[in-house]
Amino acid sequence: MGVETEIIRLSRLPLAEIALIASHYHNVMILTDFDRKGEELAKKLTRYLEGYKCKVDTETRKELKKIAKKDIKGIEDLYSLYTRVRNLRF
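Note that my numbering numbers the sequence shown so that position 67 is 67, with each residue one more than the last.
I should point out that these hints are in silico values taken from the structure, not numbers from a laboratory. You may find that some hints are simply not true.
[To be verified] Think about it this way: if two alpha-carbon atoms lie no more than 27 Å apart in a straight line, the pair counts; the simulated BS3-like pairs of lysine-lysine are:
id : residue 1 : residue 2
1  : Lys-66    : Lys-37
2  : Lys-62    : Lys-37
3  : Lys-53    : Lys-43
4  : Lys-70    : Lys-43
5  : Lys-44    : Lys-69
6  : Lys-44    : Lys-62
7  : Lys-65    : Lys-55
8  : Lys-69    : Lys-37
9  : Lys-73    : Lys-43
10 : Lys-66    : Lys-55
11 : Lys-65    : Lys-53
12 : Lys-65    : Lys-37
13 : Lys-69    : Lys-55
14 : Lys-62    : Lys-43
15 : Lys-70    : Lys-37
16 : Lys-43    : Lys-55
17 : Lys-65    : Lys-43
18 : Lys-62    : Lys-73
19 : Lys-53    : Lys-37
20 : Lys-69    : Lys-43
21 : Lys-44    : Lys-70
22 : Lys-73    : Lys-53
23 : Lys-43    : Lys-66
24 : Lys-53    : Lys-70
25 : Lys-44    : Lys-66
26 : Lys-44    : Lys-73
27 : Lys-73    : Lys-37
28 : Lys-44    : Lys-65
Since we're looking at a predicted model, the values are computed, not measured.
Please model the complete structure; the sequences and the hints are all you need to start from.
In structure tokens, the structure reads:
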């Protein structure tokens, strides 16, 4: 999808542990599901990471949400949406 950095899947870990792992990186993007629970998790994690002085990219998440919310159920479905769009013929 054009991501040229490390992607770390951290599901099912406590928030504090996720924040500690992510704190080793200067720039972080949080990709949780776009439902209410995922939004709450992203906000909490953002606060944790900002406490570690990480720069959290919230704008890309907002843009992805606008584009994909109607078409995907979970963040793991994002790649399938990307491949469908990429294969469209105009």
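Hint check:
Of the supplied pair hints, the one linking Lys-66 and Lys-37 holds, its CA atoms being roughly 17 Å apart against a limit of 27 Å. Our distance criterion of 27 Å between C-alpha atoms is met by Lys-62 and Lys-37, whose separation comes to about 15 Å. Our distance criterion of 27 Å between C-alpha atoms is met by Lys-53 and Lys-43, whose separation comes to about 15 Å. A hinted pair counts as satisfied when its Cα atoms are at most 27 Å apart, and Lys-70 with Lys-43 qualifies at roughly 21 Å.
For the suggested pair Lys-44 and Lys-69, the alpha carbons sit about 20 Å apart, so the restraint of at most 27 Å is met. A C-alpha spacing of about 16 Å is found between Lys-44 and Lys-62, which places the hinted pair at or below 27 Å, so the restraint holds. Straight-line distance between C-alpha atoms of Lys-65 and Lys-55 comes to about 20 Å, which keeps the hinted pair within the 27 Å bound. Our distance criterion of 27 Å between C-alpha atoms is met by Lys-69 and Lys-37, whose separation comes to about 14 Å.
Taking the CA atoms of Lys-73 and Lys-43, the gap is near 19 Å; set against the 27 Å cutoff, the hint holds. Taking the CA atoms of Lys-66 and Lys-55, the gap is near 22 Å; set against the 27 Å cutoff, the hint holds. For the given pair, Lys-65 sits about 25 Å from Lys-53 by alpha-carbon distance, which is consistent with the 27 Å threshold. As the CA atoms of Lys-65 and Lys-37 are separated by approximately 14 Å, the hinted pair is consistent with the 27 Å bound.
This hinted pair checks out: Lys-69 and Lys-55 have alpha carbons roughly 24 Å apart, not beyond 27 Å. At roughly 12 Å between alpha-carbon atoms, Lys-62 and Lys-43 fall within 27 Å of each other, so this suggested pair holds. A threshold of 27 Å between alpha carbons decides the hint, and for Lys-70 with Lys-37 the separation of about 16 Å falls inside it, so the pair holds. Annotation: proposed proximity of Lys-43 to Lys-55 holds, straight-line Cα distance about 14 Å (limit 27 Å).
Annotation: proposed proximity of Lys-65 to Lys-43 holds, straight-line Cα distance about 14 Å (limit 27 Å). Distance check on the hinted pair: Lys-62 and Lys-73 sit about 16 Å apart at the alpha-carbon level, within 27 Å; holds. With a C-alpha separation of about 24 Å, the suggested pair Lys-53 and Lys-37 falls inside the 27 Å cut-off, and the hint holds. For the proposed pair Lys-69 and Lys-43, the alpha carbon gap of about 17 Å is at most 27 Å, so the pair holds.
A distance of roughly 24 Å separates the Cα atoms of Lys-44 and Lys-70; the hinted pair therefore holds under the 27 Å criterion. With a CA separation close to 31 Å, the supplied pair Lys-73 and Lys-53 exceeds the 27 Å bound. Annotation: proposed proximity of Lys-43 to Lys-66 holds, straight-line Cα distance about 17 Å (limit 27 Å). Our distance criterion of 27 Å between C-alpha atoms is broken by Lys-53 and Lys-70, whose separation comes to about 33 Å.
The suggested pairing of Lys-44 with Lys-66 holds, with an alpha-carbon distance near 21 Å, which does not exceed 27 Å. Restraint check: the Cα-Cα separation between Lys-44 and Lys-73 comes to about 21 Å, which is no more than 27 Å; the hinted pair holds. A C-alpha spacing of about 12 Å is found between Lys-73 and Lys-37, which places the hinted pair at or below 27 Å, so the restraint holds. Restraint check: the Cα-Cα separation between Lys-44 and Lys-65 comes to about 18 Å, which is no more than 27 Å; the hinted pair holds.
Hints 22 and 24, counting from the list given before, are not met by this structure.
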